[in-house]
Amino acid sequence: MHMASTKRIKNRWFVPAGLEPTEMDLKILAWQEKGKIVPTRDLIKTHQQIEGIRQAGKLNTAVLDHVAEHIHEGMSTLQIDQLVYDFTTQHGGIPAPLHYEGFPNSCCTSINDVVCHGIPSEDDILTEGDIINVDCTTILNGYYADASRMFIIGHTTPERQRLVDVAWDCLKEGEKVCANPYVFVGDIGNAIARLAHSHGYSVVRDLCGHGVGVDFHEEPDIVHYGRKGTGMLLVPGMTFTIEPMINEGDWEVCGDAEDPTEWIVLTEDGTDSAQWEHTYLMTENGVEILTH
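Letter 38 of the sequence shown, counting from 1, is numbered 38 in my numbering, and no numbers are missing.
Please keep in mind that the hints were generated in silico from the structure rather than gathered at the bench. Mixed in with the good hints there might be a few duds.
[Said to hold, decoys possible] Derived lysine-lysine pairs resembling BS3-like cross-links, with alpha carbons at most 30 Å apart:
1. Lys176 / Lys34
2. Lys228 / Lys27
3. Lys228 / Lys176
4. Lys176 / Lys36
Make the full structure from the sequences, and use the hints.
Here is the structure:
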């Protein structure tokens with residue numbers, strides 16, 4: 001996930017000279033004429049790119065499956081990081097977070113009130129009842145895939161279990177909005193926020209999902225709150241993450257004063273947070289899950 005931003009460029013979509021507009025061209029141009037934000041042509045992945053991202057997604061999912069098999073009470077988050085690094089590199093991949101803008105490790109490990117970007121450490125030992133998000137982005141043959149999962153260590157409290165479950169439901173609520181193409185990012189965010197709020201939770205606003213595939217972070221920003229019909233139009237060939245961060249308390253977040261890297265994000269009020277993430281491909285029939 002990354003910090004949300006807003007870009008509005010007129011006439012982003014065009015039909016190359018000498019070509020007849022396709023049905024997709026006409027649909028996008030119609031929305032553009034109405035003043036909506038539409039993608040640029042470079043956000044539409046080629047068949048070759050889609051296949052490369054799909055293969056990266058298979059490895060990315062396998063990495064998280066590997067973590068799921070080995071995560072346990074008493075292990076350190078640095079040991080989780082080692083699992084991710086070893087499995088990824090042994091299968092021909094590269095862990096994208098490693099050294100990315102100063103991030104020191106191969107994955108993010110975010111426990112309890114850590115919203116995201118938790119840094120693996122030998123001092124962070126998993127204990128009974130913890131909830132932890134493990135977030136991995138995998139590069140394979142130059143293509144990127146990004147996913148995260150929540151893990152519950154042993155038995156946890158009903159409150160933490162409910163938060164983890166609702167966070168999953170929020171991800172799937174956003175996914176359901178994408179059952180057909182030509183929806184807007186705001187449609188996803190509106191559905192997610194409505195569900196989270198109905199359970200008394202809040203949605204983090206300062207960080208968001210993103211386009212992914214040819215690079216780590218691409219357009220569009222996938223904001224997990226908002227109004228229907230706002231944000232970018234999502235059309236066939238686009239690849240992106242949905243990854244709502246659901247807080248037990250208020251949505252405000254802050255940095256960790258003890259973190260010299262300035263990566264770690266905490267809930268402002270100290271309550272717990274949970275998140276799940278998939279990478280999706282938008283098709284003519286709605287989204288395909290590329291990694292989970």
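Status of each hint after checking the structure:
1. Lys176 / Lys34: OK: lysine 176 and lysine 34 at ~25 Å, within 30 Å.
2. Lys228 / Lys27: At roughly 18 Å apart (the allowed maximum being 30 Å), lysine 27 and lysine 228 satisfy the hint.
3. Lys228 / Lys176: With Cα atoms ~14 Å apart, lysine 228 and lysine 176 stay inside 30 Å; holds.
4. Lys176 / Lys36: Since the Cα atoms of lysine 176 and lysine 36 sit roughly 22 Å apart, the hinted pair holds (cutoff 30 Å).
The structure agrees with every numbered hint stated previously.
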